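S.K.: Required output: the full structure, derived from the provided sequences and hints.
For the sequence shown, the working numbering assigns the number 3 to the initial residue and increments by one for each residue that follows.
These are computed hints drawn from the structure, not numbers from a lab. Predicted, not measured: the structure shown is a model, and the values here were computed from it. Yeah, the Cβ is synthetic: ideal placement off N, Cα and C, and Gly gets one too.
Distance ranges between label pairs, derived from CB positions: (1) N43 / D135: 43 to 51 Å; (2) K48 / M210: 41 to 49 Å; (3) E39 / N77: 18 to 26 Å; (4) P221 / S63: 20 to 28 Å; (5) D135 / Y20: 49 to 57 Å; (6) Q224 / I111: 31 to 39 Å; (7) Q142 / Y20: 41 to 49 Å; (8) D135 / N77: 44 to 52 Å; (9) K40 / S63: 17 to 25 Å; (10) V234 / V138: 19 to 27 Å; (11) N77 / D140: 36 to 44 Å; (12) N187 / Q23: 50 to 58 Å; (13) L68 / D140: 17 to 25 Å.
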Amino acid sequence: MEKLVITIKRQDKTGKKYTQQIEYTGNLKIPVTTLLEKINNQEEIKDINGKEIQPIKWSCSCLQGLCGACAMLINGWPKLACKTFVDEEVMTKHFHKITIEPLSKFKVIEDLKVDRSKLYETMKDMSQWIESDAKVGDVQFQYEMSLCLMCGICMEGCPNYFSDKSFKGTPVAVSSAKLAFQEQNEKHRKKIEKEYKKNFYNGCVKSMICEDICPMEIPTQQAISKMNRKSVWHMWHLLKKE
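M.R.: Take a look at the structure:
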């Protein structure tokens, strides 16, 4: 049995932000999602000073790292809580601490719950679908691109996301890379390429932290390179020939 001090950065429905600390005693070889469940399942939830507090609001679905709902900041890093084990995250060997907070680049609904709807609105605005039968190409590449959970972790870690409102983040690059090579309708394919250049290429600074922190290990650099070659450099070579 080990002791752990949990710092939770919370927000109520009115938008008021506050921080609470909770002490937990028990097995630390558990994912953060289980830790949150154990806290909420207590008859009385009390903070480190013995004051009764409300259950922690957070999102989850599969609890197997396949839906992306439980993305949050754990000790300052965006991660899936269900794939992050507490014993690997404690800050020291002698005085166990962990800090949990919501993703900062999305609107907070309550506590650790955030609204990711803008991700889907962006996909809609950028015509991220195909209007023909899918062309079978590099199946392995297309499969890897389809693994995106839309969890927002890459956007949270990206140093350029939000610094430029026209830059929509890595999910649009991954989606575009999959669809542009599947689409057989030339007019719509060109639209996908145009939207990619406008909403991603012109804003990406190539830090590639998106690939480092992606929970599905999607090769985002490969996706970006393929789309740059297809939507940008292809046109440059055509102009050069003229």
